[in-house]
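S.K.: Residue-level listing of the chains:
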Amino acid sequence: MATQKENLFKSETQILEQSENLLSKQDATFDEYKDFFKELCFNYSELLDQTRLITKVSDKLQNKLNSAYEAVEVKNIELQNTIDELTKARVGRKAQTIILFLGLSLFVLEEIVLEPIVDKSTGNNIWIGLSIKLVIAFLLKPLESFVEEWLLKGVKKSEMASVQVMANPKLA
Amino acid sequence: MESLVLQPTAHTPSVSLNSTTGVCEFKGRSTPENSVEYYDPIYKWIDAYVLNSNSKTVVNVQFEYFNTSSSKCILDVLKKFVKLHNAGKEVKINWFYEAEDDDMKEAGEDYSDILKIPFEIQSID
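Protein chains in written order, with our numbering: chain A, 301 to 472; chain B, 158 to 282.
If you're looking for bench data, these hints aren't it; they were derived computationally from the structure. Glycine residues also receive a C-beta, built at the ideal position from the N, C-alpha and C atoms. Any given hint could be a false lead.
As the list claims (entries may be wrong) - Cβ pair distances, simulated, as ranges: (1) A:L386 - B:S280: 22 to 32 Å; (2) B:E221 - A:F309: 50 to 60 Å; (3) A:K356 - B:K240: 22 to 32 Å; (4) B:S280 - A:K356: 11 to 21 Å; (5) A:Q326 - B:S280: 53 to 63 Å.
Full structure from sequences and hints, please.
M.R.: In structure tokens:
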């Protein structure tokens, strides 16, 4: 890279070397100095123009990079939101399935195990059996939320672990 | 004198320098890893062309993007055409930029200010 920079400013470096050579010359005449100074002024002017141009180009490049970075950041946030929504939907469906099976199992258990006991001890009071079924039904929604939260925590935990592995492959 | 044609890559522009027609074209992106190495054959071709040039030379430049070191190399390339102009030959530089690319338009204006030769900045759709 250093070589490239040296070559990139090859002519400018040569002019500097010529100036230094003239300065170290003991027998240089006034006219020699004057002619060289004139040339040096011209080259300095060119170099100044060049510096202005390169600085402007460099600033514009930085602005373009900043804009691109900001656009990437916005897209990243949008992407993360979409991923979060998809994960939530997937986890929600999973939680619904679990609760459906749990609900069915509870109703079947209530019917087979609890109902005969209740009937025996309360003398066929249908309201108690119905109340138990209602309690099970009302419990299903909070249970679904709990299962969903629990599954989401698991997903986030595994995501964090994979991010850590990506950051430090030695953990894999 | 043979023409110089360089095919474009992801980091280098397409270059077509035709000594017969006197039309020199640069088009695309210029972000080579080593700008000096990339532009060196172009410098050499122009130096040789200046010695035996057409009466009229047209330089068409249409960059999408260039990095800082390329901006210096492009300036050095265009300065070689200024030498040709100063030697009494007809030289015209056409700087094309995409309609919405204000940065490229401004870059063209900056080059035009420095070079002080016939320099036309044109927008393309």
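S.K.: Taking the numbered hints from earlier one at a time, note which ones the structure violates and give those numbers from smallest to largest.
M.R.: 1 and 2
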